[in-house]
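Undergrad: What follows is each chain in one-letter form.
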Amino acid sequence: MSATLTVKGLKAGVGEKEILHGIDLVINPGETHVFMGPNGAGKSTLGNAIMGHPAYEVTEGSIQYGDLDLLEETADKRAKAGLFMTFQNPIEVPGITVANFMRNAIEMRTGERVKLWNFRKKVKEIANILTIPEDYADRDLNVGFSGGEKKKAEILQLLILDPDLAILDETDSGLDVDAVRVVSKGIQEFQKKEGKSLFIITHNAAILEALDVTHTHILVDGKIVKSGGKELIDEIFTEGFEKYIEAEKAE
Amino acid sequence: MAKEKTFVEDVQRDLYDFRDEEIDFYRVDTGLTKDIVLQISEEKNDPEWMRDFRLKCLDIFNHSKMPPWGPSIDGLNLDNIVTYVKPKTGMAGKWEDVPEDIKNTFERLGIPEAERKSLAGVGAQYDSELVYHNIRAEVAAQGVIYTDIESALHGPYGDMIKDHFMKLVKPTEHPFAALHGAVWSGGSFVYVPPGVDVEIPLQSYFRLNAPGAGQFEHTLIIVDDRAKLHFIEGCSAPKYSVANLHAGCVEIFVGDDAKMRYSTIENWSKNMYNLNTKRVTVGKNSAMEWVSGSFGSHTSYLYPMTILRGDNSKMDYTGITFAGAGQELDTGMKVNHIGKHTTSSVNTRSICKDGGISNTRTSVVIAPNADESKSIVGCTSLMLDSKSRSDTIPAIDVRNQNSDVGHEAKIGKISDEAVFYLMSRGISEEDARAMIVSGFAESVSKELPLEYAVEMNNLIRLEMVGAIG
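Residue numbers (the working numbering), protein chains in the order written: chain A, 3 to 253; chain B, 24 to 492.
Isolated chain A (complex conformation) (with noise of 0.2 angstroms):
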């Protein structure tokens, strides 16, 4: 069931550095929520604080999604409530195939058995939207993957695990024209559904085109300095952050 999420007050880090200085906010469902700024603004630490990275210590503030407090919970139970991340390095892991991978998960998310024939049916049918090859689906996860065929992986488990609130960290970034294509339009198959929320980070306006953009926040050391809608994506690829960056400065 989708829910909304609420971040309030969220400050978070690594170690002993605070990267997010209070972060407040509101995701209900079928909302797509994209997040700019600089490099190191802290885009990435908010989304692994939201997806429960051990790494990122959650300092004050509070992330609830519907009526779970995110923050009393492990990775695996968040994405059990609904809850996706897709990783700018996906980690391979050798010995089982991406299909069997994605098996297990939905079996261990749902506790039901799925059947096979079934689940191949679904792969083979969302391979061709994206316009993969099928027998992606047979290697071992991520192994021997180039840069764009990890990110294609990422997609297909998107929308092969079909999660309610997908947290997308620069699934673009790095590459070529061919494979933004195929992500952008997996990403638009999962915005299609009902009551699907996003949650994506990226510096691409190629990937954003196409989608239906509610919210935009841009992101300057660790806090939000201004909302909008889509008509601040078009501000900040004709301007730039630097306006932005200063104000802050200027604090």
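Because the hints were derived from the structure by calculation, they are not lab data. Warning: the hint list may mix true and false statements.
Quick list of in silico lysine to aspartate or glutamate cross-link-like pairs, EDC-like style, CA-CA up to 16 angstroms [unchecked claim]:
hint, chain 1, residue 1, chain 2, residue 2
1, A, Lys82, B, Asp454
2, A, Lys82, A, Glu109
3, A, Lys79, B, Asp377
4, A, Lys124, A, Glu191
5, A, Lys225, A, Glu248
6, B, Lys262, B, Glu431
7, A, Lys79, B, Glu44
8, B, Lys436, B, Asp377
9, B, Lys469, A, Asp142
10, A, Lys228, A, Glu248
11, B, Lys469, B, Glu312
12, B, Lys307, B, Asp248
13, B, Lys436, A, Glu94
14, A, Lys82, A, Glu62
15, A, Lys82, B, Glu312
16, A, Lys195, A, Glu33
17, A, Lys10, A, Asp26
18, A, Lys79, B, Asp454
19, A, Lys194, A, Asp236
Given chain A, put chain B in place with the hints provided.
TA: Relative to chain A, chain B alone:
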């Protein structure tokens, strides 16, 4: 997920840990004396040469020194070890004829079921003696011999055994080879005649039930020219608080243009000293493959050795070792390239956790006349915590100018990032770690017969449970 059925049914530790009562079993006294050796020899109705050989071995043992290297075996006191325990039964050719409790043991280990499904023959040893040996009629009809050594000694293959027995592993080699020669009991004899392809595997299973006992089975395999064989060895024992000793010996003779594969999955209990010696000599154009999984035992010394005697012969070794709390597993392999154009390829994986120690010792020797030979050795270790220890100890001795030798060692840990990645997909931390470890072991498990691969994965899962939290 539904559990797949394995030969060794569901892997619960209690599966291996159940013990049978010993009723009216014949045991020799503890320790090692001439009288005990003679008593064993008499009990087994040895031919005279074998009795003399045993006494010679005892003499060698009494004059030998423990190796100055390797894990400590101070906890092993031979004065407390019973070298021979004979269950109160003869060897049966049908499971119905095996006494109920012993049969149940092997039923629980899944051996009769495996035999029905996918094996050409089975030998089952309980303590010091074989309690069951059988070979499929159609395989026997091809002239394949698969039996216990004791009865073969008195049959038409008696001379063949005499010509090969401990000729490859000599009793002078190390104290436990000498000890083995003195008190060996049980094991299997396999002979595959020229040109015969034994398409489905033979399997011997060794079960040591008696506390404070030693198991000294001897496996002698002769694969004649152009023949093919896959032999599987399985071992387990229940856990006792006293030390048990396993000092088996495997000798394999592979002729020309032949192929042999030897697979082992060993899950001795953690009070076992596993001091085992395995060796093969390989003829020209022949191939030897070792697949070895070492999970159990308190302390292991295990380095299967291959002598690539014939030109163009080759060897592949794939091994995995998993050392947990209180275990020190010293495993590896040796290969001697004697023939020209011989090749060897070695892939070992070792995993250690909870303070377990896993050493990988390898030795590659290329003889002066082994022209244009090649050897590649890869050792990879995975340490699951910083209490554990893993060492790779390679020795390479190349005596000509035109051979090619490579050695690569890698050591790693499970990264938090990898665990988080899997957890972000809804997989629990425990399962995520088990998944990564299974993946690490996969290059070995895929070489194992399916049922053993499943068993190995279950063993890994079992070892991983409780690794955290």
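Undergrad: Work down the list of hints and note, for each, if the structure agrees.
TA: Okay, the hints, checked on the actual structure:
1. Between lysine 82/A and aspartate 454/B the alpha-carbon distance is near 14 angstroms, which keeps this suggested pair within the 16 angstroms criterion.
2. Using a Cα cut-off of 16 angstroms, the hinted pair lysine 82/A and glutamate 109/A holds, with the two alpha carbons roughly 11 angstroms apart.
3. Between the alpha carbons of lysine 79/A and aspartate 377/B the distance comes to roughly 27 angstroms, so the proposed pair goes past 16 angstroms and is violated.
4. For the suggested pair lysine 124/A and glutamate 191/A, the alpha carbons sit about 14 angstroms apart, so the restraint of at most 16 angstroms is met.
5. A hinted pair counts as satisfied when its Cα atoms are at most 16 angstroms apart, and lysine 225/A with glutamate 248/A qualifies at roughly 14 angstroms.
6. Among the hinted pairs, lysine 262/B with glutamate 431/B is inconsistent with the structure: their alpha-carbon atoms are about 36 angstroms apart, more than 16 angstroms.
7. Simply put, lysine 79/A and glutamate 44/B have alpha-carbon atoms about 47 angstroms apart, too far for the 16 angstroms limit, and the pair is violated.
8. The straight-line distance between the Cα atoms of lysine 436/B and aspartate 377/B is roughly 13 angstroms, inside the 16 angstroms bound, and the hint therefore holds.
9. Distance hint between lysine 469/B and aspartate 142/A is fulfilled; the C-alpha atoms sit about 13 angstroms from each other, no more than 16 angstroms.
10. Pair hint lysine 228/A plus glutamate 248/A holds up; C-alpha atoms about 13 angstroms apart against a cutoff of 16 angstroms.
11. Of the supplied pair hints, the one linking lysine 469/B and glutamate 312/B holds, its CA atoms being roughly 14 angstroms apart against a limit of 16 angstroms.
12. Restraint check: the Cα-Cα separation between lysine 307/B and aspartate 248/B comes to about 9 angstroms, which is no more than 16 angstroms; the hinted pair holds.
13. The straight-line distance between the Cα atoms of lysine 436/B and glutamate 94/A is roughly 14 angstroms, inside the 16 angstroms bound, and the hint therefore holds.
14. Taken as a hint, the lysine 82/A and glutamate 62/A pair is broken in the structure, with Cα atoms around 24 angstroms apart against an allowance of 16 angstroms.
15. Of the supplied pair hints, the one linking lysine 82/A and glutamate 312/B is violated, its CA atoms being roughly 44 angstroms apart against a limit of 16 angstroms.
16. Between the alpha carbons of lysine 195/A and glutamate 33/A the distance comes to roughly 11 angstroms, so the proposed pair stays at or under 16 angstroms and holds.
17. Distance hint between lysine 10/A and aspartate 26/A is fulfilled; the C-alpha atoms sit about 5 angstroms from each other, no more than 16 angstroms.
18. Of the pairs offered as hints, the one joining lysine 79/A and aspartate 454/B holds, with about 13 angstroms between alpha carbons and a cut-off of 16 angstroms not exceeded.
19. This hinted pair does not check out: lysine 194/A and aspartate 236/A have alpha carbons roughly 23 angstroms apart, beyond 16 angstroms.
Going down the numbered hints, you'll see the structure goes against 3, 6, 7, 14, 15, 19, while the others check out.
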